[in-house]
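S.K.: This is what each chain is made of:
Protein chains: 2
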Amino acid sequence: MQFGQLTPTLLSAFEEIVGTSHVLTPARLEEDEYARYGRDHTEDLAFRPDVVLRPANADEVSRIMRLCYEHRIPVTPRGAGTGLSGGALPTYQGVVLSTERLNQILNIDQRNLQATVEPGVINEVFQNAVKEVGLFYPPDPASKGSCSLGGNLAHSSGGPKAVKYGTTRDYVLNLEVVLPTGEIIWTAANTLKNSTGYNLTQLMIGSEGTLGIITKVVFRLLPYPQQNILMLVPFRQEEQAAEAVSAVFRAGIIPSGMEFMEREAIVWSSEYLQIPLSLPDDVRAHLLIELDGQDLDQLYKEAEQVYAVLENYDVGEILLADTAAQKDELWKIRRNIGNAVRYNSVYKEEDTVVPRAELPTLLKGVKTLGEQYGFKSVCYGHAGDGNLHVNIIRGELPDEMWHEGLKQPIRELFQLCVRLGGTISGEHGIGLVQRPYIGIALGDVQLNLMRGIKQVFDPQGIMNPGKIF
Amino acid sequence: MQFGQLTPTLLSAFEEIVGTSHVLTPARLEEDEYARYGRDHTEDLAFRPDVVLRPANADEVSRIMRLCYEHRIPVTPRGAGTGLSGGALPTYQGVVLSTERLNQILNIDQRNLQATVEPGVINEVFQNAVKEVGLFYPPDPASKGSCSLGGNLAHSSGGPKAVKYGTTRDYVLNLEVVLPTGEIIWTAANTLKNSTGYNLTQLMIGSEGTLGIITKVVFRLLPYPQQNILMLVPFRQEEQAAEAVSAVFRAGIIPSGMEFMEREAIVWSSEYLQIPLSLPDDVRAHLLIELDGQDLDQLYKEAEQVYAVLENYDVGEILLADTAAQKDELWKIRRNIGNAVRYNSVYKEEDTVVPRAELPTLLKGVKTLGEQYGFKSVCYGHAGDGNLHVNIIRGELPDEMWHEGLKQPIRELFQLCVRLGGTISGEHGIGLVQRPYIGIALGDVQLNLMRGIKQVFDPQGIMNPGKIF
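Protein sequences, first through last, are from chains P and G. Just remember that the numbering used here sits 434 ahead of the position in the first sequence, which is counted from 1. Just remember that the numbering used here sits 434 ahead of the position in the second sequence, which is counted from 1.
It is possible that part of the hints are untrue.
All copies of an identical chain are treated as equivalent in the list; a pair is satisfied when it fits inside any one copy or across any two copies.
Under the rule of at most 30 Å between Cα atoms (straight-line distance), these lysine-lysine pairs were calculated in the DSBU-like manner [unchecked claim]:
| id | residue 1 | residue 2 |
| --- | --- | --- |
| 1 | Lys650 | Lys810 |
| 2 | Lys761 | Lys888 |
| 3 | Lys598 | Lys650 |
| 4 | Lys735 | Lys761 |
| 5 | Lys565 | Lys598 |
| 6 | Lys735 | Lys598 |
| 7 | Lys598 | Lys761 |
| 8 | Lys761 | Lys650 |
| 9 | Lys841 | Lys735 |
| 10 | Lys798 | Lys888 |
| 11 | Lys598 | Lys578 |
Quick caveat, the hints were computed from the structure, so don't treat them as lab data.
Please put together the full structure from these sequences, using the hints given.
M.R.: Following this line, the structure appears as structure tokens:
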């Protein structure tokens, strides 16, 4: 790809658009702060943009894009930088377009159970705002306290509640998008149904900033489920934990959370959080199961059915969380596994996903590969969705093994996913680091269709170049 | 568009692919039967294909497409021909490719709550098959007894249950598609989550046969809700019926059906079905409200909450259906409104959709336009989704008014939808008859993106030409 160079004239033009204080360059910012815009939460990767722009609205984004389009400057959109596949890394330098100032909740429409928001709003801020008026926005990635809704849209992020409520894409009615040419469009209408032309909304979601920049979102919302029950179920065999997942669904129960954590995951996280946890030696894995709804009696009935299913497995004593504080603590442990792993060691996270019932086979496959190639992994994830996060721990692995040697087992891991009917990313995206593996999941025909679509939206190839394919 | 001609050589080649008995021409079929392939349920429109092909599998579809691609023959895919926007009409003659022999349920995977089916399977046949093993496929268009799943995919059909369970697109995990070039692809993986490249699955759904031919579908399924409650609520003011819809949701209830029927709709349908119904003179509209779940006690609690909401409106005596037979009868009345209207008169059906709370304004707008332009309309639809089917009755309208004069009020009706945040089709698609109006919902930039995507998939422009845009 042949890109244009950032010139002083262009910089002045950017300053005119967003104001000098929102054109960040190395000269204007502490080194640490500037470097932050070249990193995300993916391994220890770091790149360096030529400039960081912080527009305040769609019009400014549009004017920036027109200039970049004309001068063929690469533009990497950036939310909160919590991504795990390197999607926000400015691999071709150029402009990092940060959405941090597009951070307004514009409207919560209680009549229609909808909200219009800007992409820079933090997921949890939005959740709390709608909860205050009795409404519910379910997608809740582990990083909900720090990730932005725009980043969630880029990958259709899920989180624990996806098993019952679906992922980000299931809540989007309409998007305002600035195209690479600078044109501003709405993708659809603010309706629950739409059969009016091709689905541009769902095409944008999951496109990882390669087709345009989302500047407004209309979400649908649900009534807030007022009650929930949370139980932590210890298993003496990892694979039985994975098997029990399907059995619960077959019993007619749809939990609002169904999280798998192998022993190391829960141990590392509770140590990291300094939450004491006495774990019997024979416990190998846990399921964290949440039920939610409007009626507590009803939930207790469902919980009894879950207990009945679990009796068929070799489980330890089930912990039923009694108080809100205890529930928060259990979720805190689950949500901090990623942080705990990062605290212990650099790691590569593979976001494997298979049909739910294939999870035991996938888990076994991960461990076999580890033994065969000599790496340690910590596995956890959204078992109800068949979505297993495989953390390959750097630990004492030599450079050669870390940078090159792991490619083969990762390849084999993804091939196993595809053989089981799955794919190579459930919610983290392809971004930069999974790009070499996309051919395992998608053939040339599909990839060429995607490249063709990219060309339609972005004929100059300036939007987040070097990502996905 | 410049298309190639069907030659005897091509006909022989088709015969070799699908067998002589599945190459239908006017010479080989009764006139009535042949004419059927040039019609659907849209007004009284009729076209005439050069040939009808009935392939049995994806490989045959692929070989047909390769030939048509090479010779630039237009191909109109056809499901069961129950469409309401003319999407299956062969406006450029050429080949009608019927999916009627692609009618196998290939697999119901009870471990993963998934099923793999061919597009020619009738919606209700599939629903019943999965119900037999305790599973639930929710999308249920009024024509469920005769429409095919492939047609449902073409428009992302909804039906009464969409309000709680979403439309067809919410149940699709993966599609096998034959592209216009004859290449066969799978769009995704058999997983509940997928963040691996652009969402080709959702791009295909709702594309009305203009991008390729779906030959297999992997659906996700739910546990079957074993219990339901159905109530028919008479209102003395149409607009209050529409207002009550939003109020029920705001009370935290998500009904599994929330259907609006104005007086004429229910009267015509019950007369058509010869079901006696004594309707007080002052009743102007009904809401048919269904609640479903696994626990009847819980549903009665919810029903009480619904009653409490309805107390705020001027409603007549609420009929709570006591028996399965009574429920079936009420649903039969609702499902046959379209047939009853068709029995009474030729009609144009507009599939308007707005945010739910805007329904009273939309309904009022329809009636005002009717008074202004001198037409009668019968309105009913999925009020929970803001989806109102407006049936404009031909009755005694003169030719000029029917063919030309109605264009202006229809245009104004759609403009009203868009002003209210809605769009011009919720579930019937654009097809042929709404095509002149698509510019009301989508601007040139969006339409050009769609045309660009069409070009990527179908560079020869042979797939269902003349539809959508």
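S.K.: Run every hint past the structure and note whether it holds.
M.R.: Results for each hint:
1. Lys650 to Lys810: neither (42 Å within a copy, 40 Å between copies)
2. Lys761 to Lys888: Neither, since 44 Å and 50 Å both go past 30 Å.
3. Lys598 to Lys650: both (26 Å within a copy, 25 Å between copies)
4. Lys735 to Lys761: Classified as both: same-chain Cα gap 19 Å, cross-chain 27 Å, threshold 30 Å.
5. Lys565 to Lys598: both (18 Å within a copy, 20 Å between copies)
6. Lys735 to Lys598: both (18 Å within a copy, 22 Å between copies)
7. Lys598 to Lys761: Both: 18 Å inside a copy, 28 Å across copies.
8. Lys761 to Lys650: Neither, since 34 Å and 43 Å both go past 30 Å.
9. Lys841 to Lys735: neither (48 Å within a copy, 56 Å between copies)
10. Lys798 to Lys888: Intra 38 Å, inter 43 Å, cutoff 30 Å: neither.
11. Lys598 to Lys578: This pair counts as both: shortest intra-copy Cα distance 18 Å, inter-copy 26 Å.
Going down the numbered hints, you'll see the structure goes against 1, 2, 8, 9, 10, while the others check out.
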